[in-house]
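J.: Got chain A; can you put chain B on it based on the hints?
Each chain, written out:
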Amino acid sequence: MGTGEMAESGNPASKGAAELGKNAEKSKGFTNPAFQMMGIRRIKLPSRNWTIFGCVVCALVGGVLYDKQKQKQQRAKYMACVSAGGEERYDASRVPRKVRIYAAPPPNDYLSETMKYFRRFVKPLLNASGIDFELVTEDRQGRIRSIVAEEIRKLRRQKLGLPDKAPEEAATEKSKKEEKDREEKEKESKKSLMNINPSFGMAMSGIGGQENTNGETVDSESEKLDEDGHPIKAVKDLYAPGDVLGLMKFLKDSPEIKVRSDDEIEGSARDAGGIICIGRGAYKEYINGVHEGLLGPVYEPENVKAAKAKVIEERREAEKPDSELSEKQRKRRDKQREIQEKEDREKPALPYILPDQYKESDIARELGIGSNPRDEKGQYYFFLEPILVLRLYTVSGFTKLPERIRRFYTKRRQQVDYGDRVNGLVEKKYRQFSTGDVDWEAAEEGDWPGPWVKRGREKKSEWCREFKVDSRVAELLAVYEKKPIDLDSVAVPAKKTPDKWGRKPWV
Amino acid sequence: MSFFGLGGSSQPQLSSEQKIKAAENELDMVTTMFNNILDSCYRKCFDKSYDDGALSKNQSLCVDRCVTKYFAANMKVGESMQELGKSGTLGSPGVPH
Chain A
1 MGTGEMAESG NPASKGAAEL GKNAEKSKGF TNPAFQMMGI RRIKLPSRNW
51 TIFGCVVCAL VGGVLYDKQK QKQQRAKYMA CVSAGGEERY DASRVPRKVR
101 IYAAPPPNDY LSETMKYFRR FVKPLLNASG IDFELVTEDR QGRIRSIVAE
151 EIRKLRRQKL GLPDKAPEEA ATEKSKKEEK DREEKEKESK KSLMNINPSF
201 GMAMSGIGGQ ENTNGETVDS ESEKLDEDGH PIKAVKDLYA PGDVLGLMKF
251 LKDSPEIKVR SDDEIEGSAR DAGGIICIGR GAYKEYINGV HEGLLGPVYE
301 PENVKAAKAK VIEERREAEK PDSELSEKQR KRRDKQREIQ EKEDREKPAL
351 PYILPDQYKE SDIARELGIG SNPRDEKGQY YFFLEPILVL RLYTVSGFTK
401 LPERIRRFYT KRRQQVDYGD RVNGLVEKKY RQFSTGDVDW EAAEEGDWPG
451 PWVKRGREKK SEWCREFKVD SRVAELLAVY EKKPIDLDSV AVPAKKTPDK
501 WGRKPWV
Chain B
1 MSFFGLGGSS QPQLSSEQKI KAAENELDMV TTMFNNILDS CYRKCFDKSY
51 DDGALSKNQS LCVDRCVTKY FAANMKVGES MQELGKSGTL GSPGVPH
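Sequence lines, in order, name chains A and B. As numbered in UniProt numbering, the first sequence has no gaps in its residue numbers, which increase by one up to the final residue, 507. As numbered in UniProt numbering, the second sequence has no gaps in its residue numbers, which increase by one up to the final residue, 97.
In isolation and in its complexed conformation, chain A is listed as follows (with noise of 0.2 Å):
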């Protein structure tokens, strides 16, 4: 019976190889009885086409994958020979050297394409060396600027004594002030909660360019009452660390904790802190905004005032007379005003002086640039520290697409640019600012999109028009230079896994 079966099922499969036999000249493929039986019709090799397609797509895909991977250990590598500063023991009275990040977004594109980059090549590197940052962003032209150069006016106020808002100011401001107690009292609260980091005031108030300029004179402050008429004082005023730690009430002989920042102590500003400028837009901000510091009037001058009165009379004159509107028009008008307001105030202040007026002016001596070169917190000036600028390497527009492709399949290389540049800057491998620098990532002025340059020469933007350092000023800048890292001598450090009770460590 078995035998007779075993015959009956061999014979078909016979015949059927044998049709196969006869089909493989018609067509390539393999097939079997079982395969055909679970639905599988004819196992073969793609079609030409389909194998051009795969090629295709595996090879697009792959180079991504590959980039990225690539990318995965420079990083790796990259932070493990900066990580030697990260590590090192530290005491809880000491505050890490800290650098001032100015990014700018790329011409016709957003903001997050120059933070993508900050996050991927600069942050990682910064963490590891053991180095704070302050971030400044820009989401209109002339921001860096204007925040810049009113930082540097601030110091000279400072050393100069003179309060923070013009004279004839101050008294319109006056009395403003009963309707701004209350935006006051939110800023006073601020300010208390302002003295973690001594610079991170300046970032979290500072933002809104003009808004920095905040009328608070000093006598105006000592009259700020609470509701029992005591005075109202900001924490820090109030507590050193020493009275908040409970500990101190019972170890009462033990010194006095006193918070030292690492830069204070450097013996030069040329290695303290730092700056990095991400782009060339925000590089050429940065060092107007500088100029305009050091070089322009300490107050608002009358022809920006007379700029800012002619742009609102304009306005005004564009809409109705007050006698032709209703009530209720009025009323929506004025809300509009407001906006409006609000809107030029959120704008970056128009520069006090121009490239060409630098000659005529005088650099500010009130600051003691040769003698000594700090604030009233004992801070170097920040514009005397060394200068860091990275490219940016985003292309736009439909023609350089095939520039655009190869960029996107080698951010690797872009990277390496990056991490030899930061690593110089963790390094502090420095010199002088010297006349070439003018045109430091000038390239990247290739990649804007020329309709967007003919726009900005149009309205004499900052970014497309000639760019001037004065010999002056270009005397107080410094620059960082790059300091490759070999990374084929370099092992990829192997990767944190959690230990045999299962922590993770802390990456």
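Hints should not be assumed to be uniformly reliable.
Claimed, not checked - Listed below are the simulated EDC-like cross-link pairs for lysine to aspartate or glutamate, each with C-alpha atoms no more than 20 Å apart in a straight line:
1) A:Lys335 <-> B:Glu83
2) A:Lys342 <-> A:Asp356
3) A:Lys335 <-> A:Glu319
4) B:Lys69 <-> A:Glu134
5) A:Lys258 <-> B:Asp64
6) A:Lys165 <-> A:Glu300
To be verified - Estimated spans, in silico, between C-beta atoms of each pair:
7) B:Lys86 <-> A:Arg119: 53 to 59 Å
8) B:Asp52 <-> A:Arg406: 41 to 47 Å
9) B:Thr31 <-> A:Lys320: 55 to 61 Å
10) A:Pro498 <-> B:Met29: 36 to 42 Å
Stated by the list, open to error - Example chain B residues on the side facing chain A (calculated, C-beta under 7 Å, incomplete):
11) Leu55
12) Ser56
13) Ser60
Everything labelled a hint here was simulated from the structure, so no lab data went into it. Note that CB positions come from ideal geometry on N, CA and C, so glycine has one too.
T.: Showing chain B alone in chain A's frame:
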């Protein structure tokens, strides 16, 4: 004159009680915030293998930034809550959301 035992001479006493209550609330709030900061920053910044008694530079920097960020975020949330409270979209019990 007193309505339901309130008002009149008992008024100032009540207000000082209220003050104490407010102070207690504030202390509660500060303590909660402190504990939250401690908890989240500890979890974020410290190596759980405890291989070193002293702080490293990275750790102390991390704590610094963590606390600053916590305060900044707290302030932002507080501000927007105030705005909401002012505009009346928050905390009016009769109005369904």
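J.: Starting from the hint list further up, note which numbers the structure goes against and sort them upward.
T.: Numbers 2, 7, in rising order.
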